[in-house]
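A.B. asks: With the sequences and hints as input, model every part of the structure.
According to numbering that gives the first Met the number 0, the residues represented by the sequence shown are 0 to 119, in order.
Don't take each hint at face value.
Unchecked claim - Beta-carbon label-pair distances, calculated as ranges:
(1) Asp22 - Gln58: 28 to 36 Å
(2) Ser53 - Glu80: 19 to 27 Å
(3) Ser72 - Thr19: 33 to 41 Å
(4) Leu13 - Glu34: 16 to 24 Å
(5) Thr97 - Gln37: 18 to 26 Å
(6) Thr17 - Thr97: 40 to 48 Å
(7) Ser53 - Ile92: 31 to 39 Å
(8) Ala105 - Arg46: 43 to 51 Å
As the list claims (entries may be wrong) - As a list, the in silico EDC-like pairs of lysine to aspartate or glutamate whose alpha-carbon atoms are at most 20 Å apart:
(9) Lys108 - Glu91
(10) Lys108 - Asp22
(11) Lys78 - Asp5
(12) Lys102 - Glu86
(13) Lys78 - Glu16
(14) Lys108 - Glu90
Source of the hints: derived by calculation from the structure; they are not laboratory data. Each residue gets a CB set at the ideal place from its N, CA and C atoms; glycine is no exception.
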Amino acid sequence: MTQIGDIFLHKLNLAFETITQPDGTPYTPEDVMVETRQGVSGSYLRRLRSGHISNPTIQIVGELSRFFQVPPSYFLEAKAEIPAPTERQIEEITGLLTTLSTKELAVVKKQIELIQSLRS
Numbered sequence: 000m001t002q003i004g005d006i007f008l009h010k011l012n013l014a015f016e017t018i019t020q021p022d023g024t025p026y027t028p029e030d031v032m033v034e035t036r037q038g039v040s041g042s043y044l045r046r047l048r049s050g051h052i053s054n055p056t057i058q059i060v061g062e063l064s065r066f067f068q069v070p071p072s073y074f075l076e077a078k079a080e081i082p083a084p085t086e087r088q089i090e091e092i093t094g095l096l097t098t099l100s101t102k103e104l105a106v107v108k109k110q111i112e113l114i115q116s117l118r119s
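C.D. replies: What follows is the structure in structure tokens.
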């Protein structure tokens, strides 16, 4: 596999592992297949993730970047990282927060503060 192929493989698997659905479950190749405009099949994605295919077309990279809401360069550059929470993730969390009571919001706020303190 080429260096770019290795980078792509690592970044694709990292995206599947770290960018999750609103309920925290990982996306599956089938989830990506349903949302892509180019008709990327689940089996093709599994072959990409296993390294059996290491040279996707620019259209496939574009579809994956659109789905995971990362720039296309994320999949091709070793130093590119997954950006901060995406607009979609923030909207999903905001929607969930609107359903909580004042007491529940206070608990969520304390949890966020705890997470932030652990990162410092």
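A.B. asks: Taking the numbered hints from earlier one at a time, note which ones the structure violates and give those numbers from smallest to largest.
C.D. replies: Of the numbered hints, 3, 5, 6, 12 do not hold.
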